[in-house]
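Going by the numbering used here, the first residue of the sequence shown is number 3, and it counts up by one from there.
Simulated from the structure, these hints should not be mistaken for lab results.
Accuracy of the hints is not assured; some may be wrong.
[What the hints assert, rightly or not] Once the Cα atoms are required to be at most 20 angstroms apart in a straight line, the calculated EDC-like pairs of lysine to aspartate or glutamate come out as:
id: 1; residue 1: 308; residue 2: 204
id: 2; residue 1: 72; residue 2: 61
id: 3; residue 1: 308; residue 2: 290
[Said to hold, decoys possible] Now the in silico label distances, taken between C-beta atoms and shown as ranges:
id: 4; residue 1: 255; residue 2: 167; range: 41 to 47 angstroms
id: 5; residue 1: 306; residue 2: 78; range: 19 to 25 angstroms
id: 6; residue 1: 310; residue 2: 113; range: 31 to 37 angstroms
id: 7; residue 1: 200; residue 2: 310; range: 35 to 41 angstroms
id: 8; residue 1: 110; residue 2: 271; range: 34 to 40 angstroms
id: 9; residue 1: 230; residue 2: 84; range: 26 to 32 angstroms
id: 10; residue 1: 58; residue 2: 203; range: 28 to 34 angstroms
id: 11; residue 1: 264; residue 2: 68; range: 35 to 41 angstroms
id: 12; residue 1: 163; residue 2: 112; range: 54 to 60 angstroms
id: 13; residue 1: 114; residue 2: 264; range: 34 to 40 angstroms
id: 14; residue 1: 163; residue 2: 105; range: 51 to 57 angstroms
id: 15; residue 1: 310; residue 2: 268; range: 32 to 38 angstroms
id: 16; residue 1: 170; residue 2: 74; range: 35 to 41 angstroms
Computed from a predicted model, the values in this text were never measured in an experiment.
We put the beta carbon where it would ideally sit given N, CA and C, even for glycine.
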Amino acid sequence: MKYDCVIIGAGIQGLVLLDQALAHGLNACCIDRQPRVGDGQTLRSQFYIHRGHFYTERDLIDQLHEAYPKWCELVRRLRINVRSTDSYVGFVGDPAAWTGMWTLCEVPYASVTTCPPILEGNRLAHIYRFPHMMFDGREMLAKLVQRNRGSLRFGSIDSIGQCGSGYRLRVGDATIDTNHIVLCAGAGTPELIGMLPDVRKDVPVQTRSCQVLAMRGPVSNSSIVIPDAQMFIAPQYEANGSPVLLYTHGTDPVLENGRQPTVDANRLHAQLGALKSVLPGLHAAASERTLYLAQKTESAELGVGKRPNGAFVERIADGVVCVLPTKLSLAVNASESALALIEPEHVPLHAEPLVGVRTHLLHAAAEMRLMSEVSHV
Numbered sequence: 003m004k005y006d007c008v009i010i011g012a013g014i015q016g017l018v019l020l021d022q023a024l025a026h027g028l029n030a031c032c033i034d035r036q037p038r039v040g041d042g043q044t045l046r047s048q049f050y051i052h053r054g055h056f057y058t059e060r061d062l063i064d065q066l067h068e069a070y071p072k073w074c075e076l077v078r079r080l081r082i083n084v085r086s087t088d089s090y091v092g093f094v095g096d097p098a099a100w101t102g103m104w105t106l107c108e109v110p111y112a113s114v115t116t117c118p119p120i121l122e123g124n125r126l127a128h129i130y131r132f133p134h135m136m137f138d139g140r141e142m143l144a145k146l147v148q149r150n151r152g153s154l155r156f157g158s159i160d161s162i163g164q165c166g167s168g169y170r171l172r173v174g175d176a177t178i179d180t181n182h183i184v185l186c187a188g189a190g191t192p193e194l195i196g197m198l199p200d201v202r203k204d205v206p207v208q209t210r211s212c213q214v215l216a217m218r219g220p221v222s223n224s225s226i227v228i229p230d231a232q233m234f235i236a237p238q239y240e241a242n243g244s245p246v247l248l249y250t251h252g253t254d255p256v257l258e259n260g261r262q263p264t265v266d267a268n269r270l271h272a273q274l275g276a277l278k279s280v281l282p283g284l285h286a287a288a289s290e291r292t293l294y295l296a297q298k299t300e301s302a303e304l305g306v307g308k309r310p311n312g313a314f315v316e317r318i319a320d321g322v323v324c325v326l327p328t329k330l331s332l333a334v335n336a337s338e339s340a341l342a343l344i345e346p347e348h349v350p351l352h353a354e355p356l357v358g359v360r361t362h363l364l365h366a367a368a369e370m371r372l373m374s375e376v377s378h379v
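All chains should be built: construct the whole structure from the sequences, respecting the hints.
What follows is the structure in structure tokens.
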């Protein structure tokens, strides 16, 4: 059997693309090295789908604003439980650069007149509320897996060669033939590109080290972003449904090639200092704090250290498309762009995919903890 499309990498980007490809009627599969699909990505990230309130760049806000209703539709189709819609954006200084852009881009927001629990004792000059949905990223991941389980393959790719008008992949003792390949492999992208024949475009990548403070205790099931203090706080959820607030601060540094991420004590000091200074109530409520490191791989096409304002989706060889979404929130946009490159005449998705209506969480996913904690703070 020859596939229309083989997607390499079963993180959230690869799974969303697989779901869309199958819904469009393509004979597609997704390959990943390990059967614990997406482990270490959604489990270790703020799964935060938003409209771009953190930014002042119009092109990025427009993309995120456009993607939001598509995520809402995916949440509806997968029957994912929305855990909270309690979302805020605050400023320690003048918010005009942000509010002006929100108005220009028609992004909804409203002033907050009463103090919500997450902002108790805050030292913010301005606070706004915006429509937003929060859910357990593990639930979305597990339901995408359950819906499309028959199209998932596991094993390490040993080689990729041309075969007629398409490609042949060797995965262990098996071979897989396909007309198109879509790389959604994150940090594994360079290795896979090295296997491809006749690559026309280089794809430089960079990996950032993200230092995340997980806060437990009597914390609110809410999110708060403070753009001018570079504070980003959003919940994920324990197996019993209780929220854990994941907090990042500042700009994530780019790792040098081959270097492993380590805890930066100065960044941690600034992270804790900002929390205590700006949100003292939350600082006090978070009675248990743990620190862990995550990594995010993105395109370095603009130069090392520069962050693109959109997903990288390009044809790098005949029948091969490379996808680096930059942000999880852009995975839907990136999937549509990738499908347009491999199937220019594909039909827009309006109906339910025919891959199964009844969906359940995988038993293993239900038992998995939210994160791997490395140190107490």
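Results for each hint:
no.	hint	result
1	308 - 204	17 angstroms, holds
2	72 - 61	18 angstroms, holds
3	308 - 290	34 angstroms, violated
4	255 - 167: 41 to 47 angstroms	44 angstroms, holds
5	306 - 78: 19 to 25 angstroms	40 angstroms, violated
6	310 - 113: 31 to 37 angstroms	32 angstroms, holds
7	200 - 310: 35 to 41 angstroms	26 angstroms, violated
8	110 - 271: 34 to 40 angstroms	36 angstroms, holds
9	230 - 84: 26 to 32 angstroms	29 angstroms, holds
10	58 - 203: 28 to 34 angstroms	30 angstroms, holds
11	264 - 68: 35 to 41 angstroms	37 angstroms, holds
12	163 - 112: 54 to 60 angstroms	57 angstroms, holds
13	114 - 264: 34 to 40 angstroms	38 angstroms, holds
14	163 - 105: 51 to 57 angstroms	53 angstroms, holds
15	310 - 268: 32 to 38 angstroms	27 angstroms, violated
16	170 - 74: 35 to 41 angstroms	39 angstroms, holds
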